[in-house]
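J.: Residue numbers (UniProt numbering), protein chains in the order written: chain S, 1 to 300; chain Y, 1 to 341.
There may be inaccurate statements among the hints.
Below, a list of computed lysine-lysine pairs in the DSS-like style, where the Cα atoms sit at most 30 Å apart [unchecked claim]:
| # | chain 1 | residue 1 | chain 2 | residue 2 |
| --- | --- | --- | --- | --- |
| 1 | Y | K54 | S | K127 |
| 2 | S | K205 | Y | K153 |
| 3 | Y | K93 | S | K205 |
| 4 | S | K292 | Y | K93 |
| 5 | Y | K340 | S | K205 |
| 6 | Y | K12 | S | K130 |
| 7 | S | K288 | Y | K74 |
| 8 | S | K205 | Y | K277 |
| 9 | Y | K104 | Y | K74 |
| 10 | S | K205 | Y | K262 |
Keep in mind that the hints were calculated from the coordinates and are not lab data.
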Amino acid sequence: MEARERVQQSLRIRKKEGRIENSKNLEILKKGAKGLEISGLIILILIFGFPFLWMISTSLKSFSEIMIFPPKWIPDKLMFENYIRAWNSGPFLRYFFNSVLISISILILQFATMIPTAYAFARYEFKLKKLLFAITLLALMIPEQITFLPVYLQMSSWNLLRTYAPLILPFAASGFGVFLLRQTFMQVPDEIIEAARLDNASEWKIMWKIMMPMARPVLITFALFSFISQWNSYFWPLVMTNTQSLRTLPIGVAMLKDAEALTRWDTVMAGNMILIAPMLVIYFFAQKQIIKAFVYSGIK
Amino acid sequence: MANIYLQDITKKYENITVIKNLNLEIKDSSFTVLVGPSGCGKSTTLRMIAGLEKVNNGEIFIDGEEITHVNPGKRGVAMVFQNYALYPTMTVKENIEFGLKNNKISKEERESVIQEICDIVGLTEYLDRKPSNLSGGQRQRVALARAMVKRPKVFLMDEPLSNLDAKLRNQMRTELIQLHKKLGTTFVYVTHDQVEAMSMGDAIVVMDKGVIQHMANPVDLYNDPANIFTAQFIGAPPMNIIPGKKFFEESTYLGFRPEKVKLDSTSADNCLAMKGKILTREILGSETIYSIRTEVGDIKVKTIDSVFPEDIEIQLHIDYKHIYLFDVAGNRQRNLEKVKL
Numbered sequence: 001m002e003a004r005e006r007v008q009q010s011l012r013i014r015k016k017e018g019r020i021e022n023s024k025n026l027e028i029l030k031k032g033a034k035g036l037e038i039s040g041l042i043i044l045i046l047i048f049g050f051p052f053l054w055m056i057s058t059s060l061k062s063f064s065e066i067m068i069f070p071p072k073w074i075p076d077k078l079m080f081e082n083y084i085r086a087w088n089s090g091p092f093l094r095y096f097f098n099s100v101l102i103s104i105s106i107l108i109l110q111f112a113t114m115i116p117t118a119y120a121f122a123r124y125e126f127k128l129k130k131l132l133f134a135i136t137l138l139a140l141m142i143p144e145q146i147t148f149l150p151v152y153l154q155m156s157s158w159n160l161l162r163t164y165a166p167l168i169l170p171f172a173a174s175g176f177g178v179f180l181l182r183q184t185f186m187q188v189p190d191e192i193i194e195a196a197r198l199d200n201a202s203e204w205k206i207m208w209k210i211m212m213p214m215a216r217p218v219l220i221t222f223a224l225f226s227f228i229s230q231w232n233s234y235f236w237p238l239v240m241t242n243t244q245s246l247r248t249l250p251i252g253v254a255m256l257k258d259a260e261a262l263t264r265w266d267t268v269m270a271g272n273m274i275l276i277a278p279m280l281v282i283y284f285f286a287q288k289q290i291i292k293a294f295v296y297s298g299i300k
Numbered sequence: 001m002a003n004i005y006l007q008d009i010t011k012k013y014e015n016i017t018v019i020k021n022l023n024l025e026i027k028d029s030s031f032t033v034l035v036g037p038s039g040c041g042k043s044t045t046l047r048m049i050a051g052l053e054k055v056n057n058g059e060i061f062i063d064g065e066e067i068t069h070v071n072p073g074k075r076g077v078a079m080v081f082q083n084y085a086l087y088p089t090m091t092v093k094e095n096i097e098f099g100l101k102n103n104k105i106s107k108e109e110r111e112s113v114i115q116e117i118c119d120i121v122g123l124t125e126y127l128d129r130k131p132s133n134l135s136g137g138q139r140q141r142v143a144l145a146r147a148m149v150k151r152p153k154v155f156l157m158d159e160p161l162s163n164l165d166a167k168l169r170n171q172m173r174t175e176l177i178q179l180h181k182k183l184g185t186t187f188v189y190v191t192h193d194q195v196e197a198m199s200m201g202d203a204i205v206v207m208d209k210g211v212i213q214h215m216a217n218p219v220d221l222y223n224d225p226a227n228i229f230t231a232q233f234i235g236a237p238p239m240n241i242i243p244g245k246k247f248f249e250e251s252t253y254l255g256f257r258p259e260k261v262k263l264d265s266t267s268a269d270n271c272l273a274m275k276g277k278i279l280t281r282e283i284l285g286s287e288t289i290y291s292i293r294t295e296v297g298d299i300k301v302k303t304i305d306s307v308f309p310e311d312i313e314i315q316l317h318i319d320y321k322h323i324y325l326f327d328v329a330g331n332r333q334r335n336l337e338k339v340k341l
């Protein structure tokens with residue numbers, strides 16, 4: 001009897017040890033997985049961050065420091081003059097103004113057209129709704145390399161080539177924006193709108209006071225996407241303009257490279273920094289909203 | 001405070017008629033419950049009163065006023081939805097205030113009404129929270145408060161308790177009954193749960209396939225059902241329905257409630273007697289439910305008497321006064337009952 005008990009006890013102890021061993025293994029595995037995750041993230045940060053940091057570094061180097069090998073990350077003397085030189089090498093104030101004017105005008109027009117359109121597509125039944133929506137989506141699929149020629153000819157025949165019109169009007173409506181916002185509006189539960197109707201709210205009020213606040217993260221994200229793509233746009237303004245006074249920052253910065261026989265990388269990078277600075281500021285403030293837009297869901 | 005009339009209401013979705021020639025009178029300051037299985041048209045009826053569904057034919061009156069084509073916001077009704085339908089971007093206070101603002105109520109009046117109502121439903125300390133930071137019960141209260149501040153003539157409620165857990169549901173049920181007493185306003189309440197209907201309503205409208213099967217107070221509905229559907233829908237377990245021809249020539253069906261069957265008693269006069277074998281039993285504590293196989297089919301028996309073992313033969317007696325007769329269409333044969341029973 002005693003012997004049996006002893007055997008059982010020792011078995012129990014062994015089992016317990018085994019369990020502890022197992023849980024230890026599991027912990028090691030978990031730690032390993034976490035380690036892999038972190039190192040993966042670090043590699044990603046390096047891939048995306050390296051060119052960016054290189055740009056900052058180069059923009060602050062003296063010309064002689066750029067070419068040395070092995071390369072240096074932190075220059076001996078921070079050459080802020082590069083920025084001044086870049087800014088003064090062309091009508092940069094004009095470029096900057098044009099970029100701001102065009103990007104913001106487009107954004108305002110896009111909002112003005114896409115909010116009612118998306119609302120109608122999401123909430124009303126009307127004839128040819130499906131066909132019209134398909135056409136809207138088509139606009140999203142055709143690249144500007146296909147449309148620029150007809151648009152150019154059209155603008156030319158209307159005598160609008162030497163104005164801002166060809167830079168702004170073709171982007172006044174966004175198929176992508178309509179699509180994105182329509183999906184958001186469709187996710188709003190019917191009961192919320194019905195509750196608002198019972199609260200004696202007009203259609204207009206339902207759109208502004210109920211739907212728009214619920215779509216806020218999506219609107220901000222779209223604004224960001226739109227602004228960034230317009231701000232960085234190079235091809236379209238290059239094709240559509242032939243005077244300095246209408247050109248935008250990306251073209252100005254690109255011209256820095258061609259200005260002299262020997263490319264002044266320090267100046268070019270300083271110009272690039274000027275180009276992206278507004279983006280960084282905006283992204284810094286809108287981070288939370290962007291994340292929200294992708295994980296947003298109404299309450300049950 | 002108002003009564004509601006629905007007159008010859010027909011509702012179609014595309015080509016399918018879901019409600020045909022419905023006539024219904026909901027009395028002033030009653031707690032009327034529309035109950036029935038899903039798809040019976042109870043929610044559609046409620047939504048037509050609210051103005052959220054268009055009526056294809058017929059007229060609706062609230063407080064004697066024809067409102068068939070009046071906008072939902074101008075009918076003097078307030079509604080509580082199953083999923084609360086709170087505005088997620090607004091605080092509790094803004095949620096409650098929204099309707100008042102739309103009705104151009106002055107700020108001082110708004111403040112005092114909100115204060116008063118929030119004291120009643122216990123929301124005062126949550127006024128600045130967003131709905132996402134509230135529990136299910138609190139959201140329900142916000143929905144109620146939002147309806148109450150408008151001082152509507154009619155409260156419409158579409159399964160307002162079905163998203164709550166069992167305990168909270170019981171509590172809110174009691175609170176709603178008290179609220180109805182306090183406000184004295186007409187309540188129209190939709191549910192698929194017959195227990196909820198029986199316990200809350202003072203008038204119950206049993207619906208099936210878009211037709212009103214029976215409208216009565218809870219006692220009459222239970223004791224004097226108009227047809228087999230109502231007889232089986234109200235009460236748990238449902239009324240036993242067996243072929244009637246064997247006992248009464250003119251009746252297709254014969255019904256009796258599981259709780260009216262006497263088990264193993266000595267034979268008496270004026271009783272329907274039959275033999276059966278106990279198949280299963282469910283002991284619920286205070287009562288026991290038996291499933292018994294008889295020569296006319298399986299029946300349910302609910303009793304608070306002594307517990308019998310399974311698989312025994314047993315004698316059943318049902319007093320004639322507890323027996324209901326139905327014709328081939330399932331309608332009560334009250335005249336026949338008077339003669340025969």
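J.: Can you list which hints this structure breaks, lowest number first?
T.: 5, 7, 8 and 10
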